[in-house]
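Asker: Okay, here's what each chain looks like letter by letter:
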Amino acid sequence: MCPRGEPGAAPSIQGRGRARPWTPRAVAPSWPRHALEPSGPALSLTPDEWSALRLSLLVASVATLGSLIPGLAVAYLLARKAFRGRALLDGLVHLPLVLPPVVTGYLLLLAFGRRGWFGAALAEVGIVFSFRWTGAALACAVMGFPLMVRAMRLSFEAVDPRLEQAAGTLGAAPALVFLVVTLPLALPGILAGAVLAFAKAMGEFGATITFVSNIPGETQTLPSAIYTLTQVPGGEAGALRLTLISVAVSMAALLASEWLAHRARRRLAA
Amino acid sequence: MIAVAVAHRRGAFALEAAFTAEGRVTALFGRSGSGKSTLVDVIAGLVRPQAGRVVVDGVTLLDTRAGVRVPVHRRRIGYVFQDARLLPHLSVRQNLLFGRWLAPRGEGPDLAAVAELLGLGDLLARRPAGLSGGERQRVAIGRALLARPRLLLMDEPLAALDEARKAEILPYVARLRDEARVPIVYVSHAVAEVARLADTVVVLDGGRVAAAGPAAEILRRADLFPGREAGEAGALLHLRVAAHDEAFGLTRLDGAAGSLTVPRLRDPAGAPVRVGTSVRVRVRARDVLVALERPRTLSARNILAGTVVSLAGAEGPHAAVEIACGGAVLVAQVTRRAVHDLGLGPGRAVFAVVKSVAFDAETIGAGTEVEI
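Protein chains in written order, with the UniProt record's numbering: chain A, 1 to 270; chain P, 1 to 372.
In isolation and in its complexed conformation, chain P is listed as follows (with noise of 0.2 Å):
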């Protein structure tokens, strides 16, 4: 469990944001300059808050009021940087083991486990001028979890990442969150990061908390999202893999919204993903269509029944609509107009349609055991 609460004045940026959260990831989201890098620099100990207060499984490090303040390397908090900073003079072996000779002796993944964990093993004994950009956050984020933090920070490792480098990444990420159990606060400005990763969403916004809740409540509001984002927002769905269709190359997915049929989805190594494992499904907003009655003569697989709960965005082109599906909530964006038209309404029975074709990569994530 972690409490942060700050306030900090720096010319003319003033950062006041406090948080509580629970689950293994807790995002902290915002557009660059929302004072998302401050909050976790104050939470590792590398910025000092004229005001705050934090305190991480029931250790404080940092009280203003009662003049607690624990030094950065006593604080037990891994950080895994932007830009990985690691040490150019060590080798990668050397680097992974730094935190590890320091650390107190106790519990706690060994060099071979995290080297096996993030496929560092060829890596060892090269220096960190010669790895790629992937490689080296990879070493970034094993050197962490050697030092056996108490919390561990991650501050954008992606964004200084190509695409590909990206999805290189983000399934070691994953496996970190189910496997290491060490709880991880996680900076990005990325919707697609924060729903395959995230229990917890924070949302910042000029340095304040814009709204903090479970990553499936925040991640539907478009309006929490800045800019491009925005058209990423959606539902999020906890599913499990329930058939393959090896014929059209598919896969049915069952939850509590009811089935999604996608593309067929593969593990690392190309075998189709074993049935039973857990997924997490983003349905983008934009990708969501809304019908009054069963769409018959209608190329998208995906048709669920629903209620609508409620609508959002009074004023510009668009309206977001919420639709209870079973046990899960699934959010169109339409035209103002079709709301109109439609006379869509809370407690109306609806249609959600979905293209199969919808879902890549980029939305839908293994919660456990296998990515994709």
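Bound conformation, chain A alone (with noise of 0.2 Å):
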């Protein structure tokens, strides 16, 4: 799963190979001497580039698809259902909104860092958070969520429940009626909201530095690169190559939710 292999043996943003005080786990380079010397046009990116770019695909992805169900659910819940402590979940749900990000970070090494609450007994089954891209995934997902969950509940809350009544009768479930009826309505606030998770997930800073630290090639995200490179001598060109793909990848994937949106959209109205 860990793209790059031991987290303290991973390759690091050089800043045209000079060494970095920045990170205690920045360890003597390895790989070959060309990628150190600045060739080729000042576009294409170094190797480490690539990995923070892939990194931050995989986090944002891994972060989106796995807060998928349970934000559907949490949605659901708040936009249908009447229930002791809905305004607690609520709350709860909005919290990463609120809070600065490294208060949510901080909560998070608290509680899945290798000595936290559940850190411990998750480090058991085999399940490792801390200083682990798998960790990253959690941070984003986290302050994700709340963004998700809200697109999710106003499209839950659009759909006609009179619709969903119309096929009780005629046979289906209340399980199959969410299926084969309120899911596939609702579905343009539901990519909406899996759009904006992930574009969080790819922006996502505080909570992540915080929790899992800045690992180059385990947890070290475009952000996290960008803010690297902004710290060391000569970084602007390479910061400015990771800032021009983070504002190509965001914009993507803000079009393409807008194309599948206005997709779903057309088929209703036609």
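For the record, the hints were derived by calculation from the structure and aren't laboratory data.
Where hints are given, some of them may not hold.
[Stated by the list, open to error] For each label pair, taking beta carbons as the anchor points, the in silico distance ranges come out as:
(1) 9(P) x 162(A): 19 to 25 Å
(2) 101(P) x 160(A): 19 to 25 Å
(3) 256(A) x 71(P): 37 to 43 Å
(4) 162(A) x 63(P): 24 to 30 Å
(5) 178(P) x 255(A): 53 to 59 Å
(6) 162(A) x 213(P): 32 to 38 Å
[To be verified] Not the full set, but computed from the structure, chain P residues with beta-carbon under 8 Å of chain A:
(7) 79
(8) 81
(9) 85
(10) 88
(11) 89
(12) 98
(13) 99
(14) 102
(15) 143
(16) 147
[Unchecked claim] Beyond 12 Å from chain P on every Cβ pair, some chain A residues (computed):
(17) 50
(18) 58
(19) 68
(20) 70
(21) 76
(22) 79
(23) 87
(24) 92
(25) 101
(26) 234
(27) 248
(28) 259
(29) 262
Computed from a predicted structure; not experimentally measured.
Where is the CB? At the ideal position from N, CA and C, for every residue including glycine.
Starting from the two chains in their separate frames, assemble the complex, guided by the hints.
Answerer: Written out as structure tokens, the structure reads:
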């Protein structure tokens, strides 16, 4: 699962070959010499930058896909059901939106760190979050969750319950009604929620760096890499390249979701 | 056979109604707010009453005392809503087959038969958003039928449509009654629809059953019908097409009451309705005159000899005179002054006079085979 083997041995953003004092885990680079030279056009990415991009896409995808089912469940509960503790759940879901990301990251560290509340028990069964890319995905999922739930909840609320009733009178059990009526009708909002969460995950910085640090190849996502590059002399070109890539990926995600939502809406209207 | 008894209170509104019905079409009639829709929602299982019992064809669907409550999706009760409620993300064909997929295997009409019955053949590939109101309602009816229901509930299926669309759908519903063999509970506040379709009428008023019985008996009673609809009350006659008079453009209908001459009846294709076809004719009480002698110099073509059975209406300007003509009963709405001047009373031999022009597409509906 780990894209680059042991975190400690992972290659790092090198700022054109300089050693980096900013991370205690930085080790001497072990890749071929030519990668250290500023060769080729300025727009081509260094292996480290590629690694940050790949890692970001992986982390954001896993965070989005992983929070999809819980997101749908919570959004549906909040949109349709009256139950004890509803306000509490609502508040809990929205907490990452209003807390400083550093606080969320620190809470995650307390909970899922190696000696955390759940971290120790999870480590027993082989699930480790601390200082792993999986931890970055968890942090991104938590931070994107409120955005995802808000969009999905709105779209569930917009589905006419009378259509669900009609499907019920035709013999569809509630679970089937959800699958074949509610879910397809809420699809534009569900897609929007997923894309928002993905975009948020691509840009998440505070909670991630607090929870899983900034380990190149393991937890160094695009924002962390950009941050690192801005901290070292000569890193501006790399920072700019990664910034452009960030913008492009986010734009592509937004356009893709707009297109999908448009198609879904057209299906309803035509 | 349907047996329903419900006690349900929501806010200031209390529904306390019970009825049993045998026929093919039972109409629930009443002004808005009388509890008709709540009552059908209870039958369908969409509303959970505080106390109640619903039995359809011997199957108990709800019995609060015995703790029986079959969930909506297992009741197998078709529901045609006022607003169609087609699933917008599915095609017409998928909408029609939705309930079919979920229904237990067995007898029942297939897609082709239902499409033919309701004239849906050309719509199958379309999406609900592209349909007219009338088309949507026809698809909704077909969808409910294909789920093979024990009972079909129709909650004012025509109320959201304009007059032209109503006239388009009504024949299909009549055909449904005659061909689909599914008992129907039809909710309406329009006398014309009830007269055209129902065998049994249950009148609701303020959450209670004000009257229930065979359609012909209930529709005679203007006092049961609210406001504007009171003028629509009258006799319901079952007649047969006897002959067409091409020269004058008239059709003669024969029945227990005698012969009626009405404007020529045509089927939807424009051809004269076949002789022998049975038709339901509503004779509005306000269209009937009463004469003591057979009028000879009057333009009205329908003069039926009969005997006054009863008088109703002790106050106000109007009185309703029930006249037995042969085996049927006509009602005439006349002034109380006329009753007084003519000395009308039970047992008095009179002539009921109806203008042929009083009959129109709204008051005449074919019972079987052909519609106009």
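Asker: Was the hint right that residue 143(P) lines chain A, CB cutoff 8 Å?
Answerer: Holds. Min distance 7 Å.
Asker: Examine each Cβ of chain P, and state whether all of them lie more than 12 Å from the Cβ of residue 79(A).
Answerer: 18 Å, holds
Asker: With a cut-off of 8 Å, does the beta carbon of residue 88(P) approach a beta carbon of chain A closely enough for the hint to hold?
Answerer: 5 Å, holds
Asker: Could you let me know if the closest chain P CB is still more than 12 Å away from the CB of residue 101(A)?
Answerer: Since the minimum Cβ distance to chain P is about 38 Å, residue 101(A) lies beyond 12 Å and the statement holds.
Asker: Against chain P, does residue 68(A) hold up as non-interface, every C-beta pair farther apart than 12 Å?
Answerer: 20 Å, holds
Asker: Hey, is residue 76(A) genuinely clear of chain P, shortest beta carbon separation above 12 Å?
Answerer: 18 Å, holds
Asker: Can we keep the residue 99(P) interface hint, with Cβ of chain A closer than 8 Å?
Answerer: 3 Å, holds
Asker: According to the definition I'm using, a residue is off the interface if its beta carbon is farther than 12 Å from all beta carbons of the partner; does residue 92(A) meet that for chain P?
Answerer: At about 32 Å from chain P, residue 92(A) clears the 12 Å cut-off, so the statement holds.
Asker: How does the Cβ-Cβ distance of residue 162(A) and residue 213(P) compare with 32 to 38 Å: does it lie in that range?
Answerer: Given about 33 Å between the Cβ atoms, the range holds.
Asker: Could you check the hint for me, namely that residue 101(P) and residue 160(A) are 19 to 25 Å apart, CB to CB?
Answerer: 22 Å, holds
Asker: Taking 8 Å as the limit, does the beta-carbon of residue 85(P) come near enough to a beta-carbon in chain A?
Answerer: 4 Å, holds
Asker: Verify that the Cβ of residue 248(A) lies farther than 12 Å from every Cβ atom of chain P, and report whether the claim holds or is violated.
Answerer: It holds; residue 248(A) is separated from chain P by about 32 Å at its closest Cβ, greater than 12 Å.
Checked against the numbered hints above, the structure breaks none of them.
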